[in-house]
Amino acid sequence: MGRIADVKGQDEPQWLSPDERDAWFALSWLMIRLPGAIDAQLQRDSGLAFFEYLVLAALSESPGRCMRMSDLAQHVNGSVSRLSNVAKRLEQRGWMRRAPNAENGRYIEATLTEAGMAVVEQAAPGHVAAVRQYVFDALRPEQVTALYDIGSQIATRVEGEHAGSPFTGRTPRRL
Numbered sequence: 001m002g003r004i005a006d007v008k009g010q011d012e013p014q015w016l017s018p019d020e021r022d023a024w025f026a027l028s029w030l031m032i033r034l035p036g037a038i039d040a041q042l043q044r045d046s047g048l049a050f051f052e053y054l055v056l057a058a059l060s061e062s063p064g065r066c067m068r069m070s071d072l073a074q075h076v077n078g079s080v081s082r083l084s085n086v087a088k089r090l091e092q093r094g095w096m097r098r099a100p101n102a103e104n105g106r107y108i109e110a111t112l113t114e115a116g117m118a119v120v121e122q123a124a125p126g127h128v129a130a131v132r133q134y135v136f137d138a139l140r141p142e143q144v145t146a147l148y149d150i151g152s153q154i155a156t157r158v159e160g161e162h163a164g165s166p167f168t169g170r171t172p173r174r175l
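Numbering of the sequence shown is given in our numbering, commencing with residue 1 and proceeding in unit increments.
If you're looking for bench data, these hints aren't it; they were derived computationally from the structure.
Keep in mind that a hint or two might mislead.
To be verified - Quick list of the computed label-pair ranges, beta carbon to beta carbon:
no., residue 1, residue 2, range
1, Met117, Met31, 44 to 54 Å
2, Asp149, Glu12, 28 to 38 Å
3, Asp149, Ile32, 19 to 29 Å
4, Arg33, Pro100, 17 to 27 Å
Claimed, not checked - Heads up, simulated SDA-like pairs for lysine to any residue below, C-alpha to C-alpha not over 25 Å straight-line:
no., residue 1, residue 2
5, Lys88, Gly47
6, Lys88, Ala138
7, Lys88, Phe50
8, Lys88, Trp24
9, Lys88, Ala40
10, Lys88, Arg132
11, Lys88, Ala124
12, Lys88, Glu103
13, Lys88, Thr156
14, Lys88, Ile38
15, Lys88, Tyr134
16, Lys88, Asn104
17, Lys88, Ile108
18, Lys88, Gln122
19, Lys88, Asn77
20, Lys88, Ala102
21, Lys88, Ser60
22, Lys88, Thr113
Computed from a predicted model, the values in this text were never measured in an experiment.
Backbone N, C-alpha and C fix where the C-beta goes; we use that ideal spot for every residue, glycine too.
All chains should be modelled from the sequences, with the hints used to inform the complete structure.
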């Protein structure tokens with residue numbers, strides 16, 4: 001995570017302006033409520049938790065529907081430990097497999113099964129509809145661009161310059 005600037009020795013905290021405070025409250029509300037709304041839709045329509053869907057969707061879009069577990073954890077913004085626990089449940093359902101890499105065996109690969117792909121294909125339309133309803137239907141095209149720029153800038157500040165955010169290797173677009 002990014003380091004917080006040292007505020008010791010400052011006479012007075014640098015309080016947020018009214019506009020900054022309003023923006024912070026809006027962002028805080030969004031960070032708390034949006035994941036819950038997305039999770040509820042996925043649970044209701046597909047029996048999946050949001051994190052489980054992220055794992056399955058990431059595998060469905062990767063070459064050969066396969067990824068190293070460490071890369072997958074980074075891609076879905078989860079710890080290897082959390083991913084391992086979820087992977088165990090997904091394996092028990094027959095939706096993914098884990099196995100040592102066939103060439104050198106030094107790392108574990110996760111592979112999406114055909115049954116797992118069917119789950120993604122069933123869940124994706126409802127998930128995309130919810131994302132559109134909650135996020136994109138409320139925005140004009142230039143706001144979508146601004147959302148990307150703002151999200152990537154904040155992610156870089158939080159995670160640091162070399163973190164594995166979804167923005168790695170992508171240049172924020174400008175308005």
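Checked hints:
{"no.": "1", "hint": "Met117 - Met31: 44 to 54 Å", "in the structure": "31 Å, violated"}
{"no.": "2", "hint": "Asp149 - Glu12: 28 to 38 Å", "in the structure": "31 Å, holds"}
{"no.": "3", "hint": "Asp149 - Ile32: 19 to 29 Å", "in the structure": "23 Å, holds"}
{"no.": "4", "hint": "Arg33 - Pro100: 17 to 27 Å", "in the structure": "41 Å, violated"}
{"no.": "5", "hint": "Lys88 - Gly47", "in the structure": "16 Å, holds"}
{"no.": "6", "hint": "Lys88 - Ala138", "in the structure": "37 Å, violated"}
{"no.": "7", "hint": "Lys88 - Phe50", "in the structure": "16 Å, holds"}
{"no.": "8", "hint": "Lys88 - Trp24", "in the structure": "37 Å, violated"}
{"no.": "9", "hint": "Lys88 - Ala40", "in the structure": "22 Å, holds"}
{"no.": "10", "hint": "Lys88 - Arg132", "in the structure": "31 Å, violated"}
{"no.": "11", "hint": "Lys88 - Ala124", "in the structure": "22 Å, holds"}
{"no.": "12", "hint": "Lys88 - Glu103", "in the structure": "23 Å, holds"}
{"no.": "13", "hint": "Lys88 - Thr156", "in the structure": "31 Å, violated"}
{"no.": "14", "hint": "Lys88 - Ile38", "in the structure": "23 Å, holds"}
{"no.": "15", "hint": "Lys88 - Tyr134", "in the structure": "31 Å, violated"}
{"no.": "16", "hint": "Lys88 - Asn104", "in the structure": "23 Å, holds"}
{"no.": "17", "hint": "Lys88 - Ile108", "in the structure": "13 Å, holds"}
{"no.": "18", "hint": "Lys88 - Gln122", "in the structure": "21 Å, holds"}
{"no.": "19", "hint": "Lys88 - Asn77", "in the structure": "18 Å, holds"}
{"no.": "20", "hint": "Lys88 - Ala102", "in the structure": "20 Å, holds"}
{"no.": "21", "hint": "Lys88 - Ser60", "in the structure": "18 Å, holds"}
{"no.": "22", "hint": "Lys88 - Thr113", "in the structure": "14 Å, holds"}
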